[in-house]
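S.K.: Chains B and L supply the protein sequences, listed in that same order.
Position 134 of the first sequence, counted from 1, bears residue number 133 in numbering that gives the first Met the number 0, the numbering being contiguous throughout.
Position 125 of the second sequence, counted from 1, bears residue number 124 in numbering that gives the first Met the number 0, the numbering being contiguous throughout.
Please keep in mind that the hints were generated in silico from the structure rather than gathered at the bench.
Be careful, since some hints might not be right.
Computed cross-link-like contacts, SDA-like style, restricted to lysine to any residue with a CA-CA straight-line distance of at most 20 angstroms [what the hints assert, rightly or not]:
id	chain 1	residue 1	chain 2	residue 2
1	L	K339	B	V204
2	B	K232	L	G47
3	B	K239	L	L46
4	B	K239	L	K19
5	L	K19	B	S46
6	B	K232	L	T371
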Amino acid sequence: MTRPRLAIAGLTACSGCQLTLLNCEQEFPEIAANFELAYFPMAESGSAADQEFDVALVEGAVSTPGDLATLFRLRSASRLLVAFGTCALHGGVAAMNNAQGAREQLMATVYGEAGGDFASFLPSPFRNFVSVDFSITGCPPEKPDLIALLGALLAGTLPPVPCYPVCTECRSRENLCLLLERDQLCLGPIIQGGCNARCPATGIVCEGCRGPVREANVAQELELLLERGFGRKEIERRMKRFTPEWNYGQRS
Amino acid sequence: MGSVVEINPFTRVEGHGSVKVYLEGSRVERVELCLTESPRLFEALLLGKSHLEVPEIVCRICSLCSTIHKVTALLAVEHALGIEVSGVTRLTRELIALGGVIQSHSLHLYCLVLPDHMDLRGVAELALAAPEQLRLGLEVKRVGNLIQETVGGRLIHPINITLGGLGRRVAREQLLRLKEELEAILPACREAWRLFSAPSPVQQLAPPYCLALDPAAPPLTGELFRTSDGASFPVSRYREEIRESVQPHSHAKFAQVLGREATVGALSRLNLAGSPQSPAGPVLYHEAAAIFETVKDEILGKDIRGNNVAQAVELCQAVERSLALIDQLIGMGGEEVSVKVVPGSGRGSAACEAPRGTLIHSYAFDNDGICTEADVITPTSLNQGAMARDLLALARGMEGADAQQLGNALERLIRCYDPCISCSVHLIKL
Chain B
0 MTRPRLAIAG LTACSGCQLT LLNCEQEFPE IAANFELAYF PMAESGSAAD
50 QEFDVALVEG AVSTPGDLAT LFRLRSASRL LVAFGTCALH GGVAAMNNAQ
100 GAREQLMATV YGEAGGDFAS FLPSPFRNFV SVDFSITGCP PEKPDLIALL
150 GALLAGTLPP VPCYPVCTEC RSRENLCLLL ERDQLCLGPI IQGGCNARCP
200 ATGIVCEGCR GPVREANVAQ ELELLLERGF GRKEIERRMK RFTPEWNYGQ
250 RS
Chain L
0 MGSVVEINPF TRVEGHGSVK VYLEGSRVER VELCLTESPR LFEALLLGKS
50 HLEVPEIVCR ICSLCSTIHK VTALLAVEHA LGIEVSGVTR LTRELIALGG
100 VIQSHSLHLY CLVLPDHMDL RGVAELALAA PEQLRLGLEV KRVGNLIQET
150 VGGRLIHPIN ITLGGLGRRV AREQLLRLKE ELEAILPACR EAWRLFSAPS
200 PVQQLAPPYC LALDPAAPPL TGELFRTSDG ASFPVSRYRE EIRESVQPHS
250 HAKFAQVLGR EATVGALSRL NLAGSPQSPA GPVLYHEAAA IFETVKDEIL
300 GKDIRGNNVA QAVELCQAVE RSLALIDQLI GMGGEEVSVK VVPGSGRGSA
350 ACEAPRGTLI HSYAFDNDGI CTEADVITPT SLNQGAMARD LLALARGMEG
400 ADAQQLGNAL ERLIRCYDPC ISCSVHLIKL
């Protein structure tokens with residue numbers, strides 16, 4: 000059997016999703032044996048970019064003409080394109096100020112006048128430009144989600160996608176509810192689960208790194224937080240940290 | 000006729016970069032180092048965010064270095080707000096930072112550099128050609144990550160280290176498990192240097208102008224920078240002494256320290272610790288000290304080719320220091336670990352030794368604790384000038400070589416520096 004050919008790359012990102020693959024220390028030898036890492040510049044030299052791939056795992060938001068060229072190239076060259084991580088799926092931290100617009104202003108703040116020479120636009124998720132076949136969410140993604148995808152690919156399929164909020168797993172772990180019992184700004188009710196409520200289990204509020212859960216009851220969350228004395232501005236700022244656009248009136 | 004040899008992208012480094020060598024016939028005219036990672040603009044994104052949010056957002060600059068970014072940001076915000084943390088918090092932060100060192104050094108050495116020493120293309124070939132070496136390396140890396148996950152609650156972008164303290168104190172059983180795992184990898188770390196002390200095929204380069212935090216300072220963070228010519232300046236004066244400039248071909252800023260191109264990282268740290276200003280030599284634990292004695296001729300006064308073996312010394316040191324910290328933490332009583340954080344105005348900076356070198360964070364907040372200024376200087380932006388200088392010297396020394404040979408040698412030199420390009424494209428206010 001020929002091994003599936005993988006491309007693994009990053010756009011505007013921290014390399015954390017690609018690192019998640021290298022962090023599968025115990026599984027890595029088996030992954031290397033079952034897949035051909037045909038294009039993986041972070042860990043492999045000497046592979047040409049102009050080849051065909053079975054699957055491209057690409058992390059990061061799209062924010063430069065170069066990012067866009069890479070995305071189009073990997074989309075055209077790959078049977079399946081996976082949006083790997085929250086930035087690829089929702090825009091992520093790079094996009095948190097998108098609503099305020101004016102990329103030029105941010106560039107000028109950081110680079111001074113020289114900022115005008117660098118081409119850059121509002122960081123956006125893949126789906127604004129290309130069709131996406133599958134996505135893994137999380138900042139960073141959970142290792143088991145990646146392993147599940149790789150396993151399913153070998154079996155010629157894709158894994159099921161959970162569609163329940165962080166609270167589902169949080170309740171089943173019997174954690175203290177930071178939102179209702181501690182009046183903290185926890186985003187658990189509206190955020191995609193699958194992380195086993197990692198943060199609330201440590202006593203830290205859900206910061207929303209996995210993006211919105213399907214049919215999130217955003218309006219209700221907003222009411223709960225406003226009742227607890229948080230300002231609308233602060234709540235929106237927190238919600239936008241990983242996902243720039245929300246429908247604040249949405250009820251499930 | 001002029002021609003250009005381009006290496007694009009760099010491989011086996013973190014982030015996106017390329018090098019262009021401009022030739023006139025076979026003569027090398029100039030070399031352009033381009034760190035072309037997309038602009039990240041973190042310093043601008045942080046403005047208007049609260050003091051609580053800053054460390055949580057800024058650690059996303061980089062995945063490999065997320066722990067030390069978060070720790071440095073916490074320290075800088077705490078300096079700004081005048082917060083003193085508990086002893087348990089201090090030691091726990093040092094422990095997680097060491098987990099970061101173990102993970103970062105072992106990833107770089109075993110997965111990215113080792114293929115160079117065996118003439119392989121990367122980690123996938125390594126898995127076939129040297130499965131046992133790779134398994135050992137991955138095992139060391141796994142334990143570094145286990146520390147980060149156990150202490151931080153998450154492997155990348157840790158959550159459990161917070162402003163003023165910890166989400167939850169690390170339990171005794173968890174510490175004992177880490178101790179067991181660390182003891183199991185100590186033998187591999189004791190031997191790691193052998194893999195990386197082979198004579199480099201790359202020619203001799205200029206000795207570096209080393210910059211690091213004062214080796215005599217308490218571990219993790221410090222208040223004073225030292226350089227290899229005996230100069231020193233306090234962290235609070237970094238804006239005056241470290242100058243950054245923008246170059247049209249690179250998204251990372253070029254930094255000069257006291258007017259010179261400085262080098263930071265393992266090589267600089269060990270050199271400064273072993274310099275005449277620190278007569279005691281580096282403060283190393285038993286095994287790391289023995290390795291240092293064996294390989295010090297490849298490190299003291301040497302150029303960047305000695306950096307990888309210096310990282311191997313530090314890898315062993317990090318494991319031994321972690322073991323000592325765990326014993327200390329287990330012995331500490333049930334004191335209150337976290338202190339209350341009251342928002343307020345202030346300005347503060349902090350510097351830490353990240354795996355790749357000196358890292359500086361600096362913030363200012365208004366009366367509501369909202370961020371009004373943010374500045375981050377990363378090791379790779381500090382190293383960028385020296386990297387460009389060494390690339391030019393190497394390319395000139397190899398005039399006449401074919402493009403493939405030249406490309407391989409330049410990439411290998413870049414890997415000696417262990418750059419982290421996501422970090423470097425961070426950016427600063429001019």
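S.K.: Each hint should be assessed against the structure and marked as holding or not.
M.R.: So, going through the hints one by one against the coordinates:
1. For a cut-off of 20 angstroms, the pair hint linking K339/L to V204/B stands: about 17 angstroms separates their Cα positions.
2. For the hint linking K232/B to G47/L, the alpha-carbon distance of about 11 angstroms falls within 20 angstroms, and the restraint holds.
3. Proximity of K239/B to L46/L is assessed by CA-CA distance (about 14 angstroms); at most 20 angstroms being required, the pair is judged to hold.
4. A hinted pair counts as satisfied when its Cα atoms are at most 20 angstroms apart, and K239/B with K19/L does not qualify at roughly 39 angstroms.
5. For the hint linking K19/L to S46/B, the alpha-carbon distance of about 19 angstroms falls within 20 angstroms, and the restraint holds.
6. The hinted pair formed by K232/B and T371/L meets the criterion: a straight-line CA distance of about 17 angstroms does not exceed 20 angstroms.
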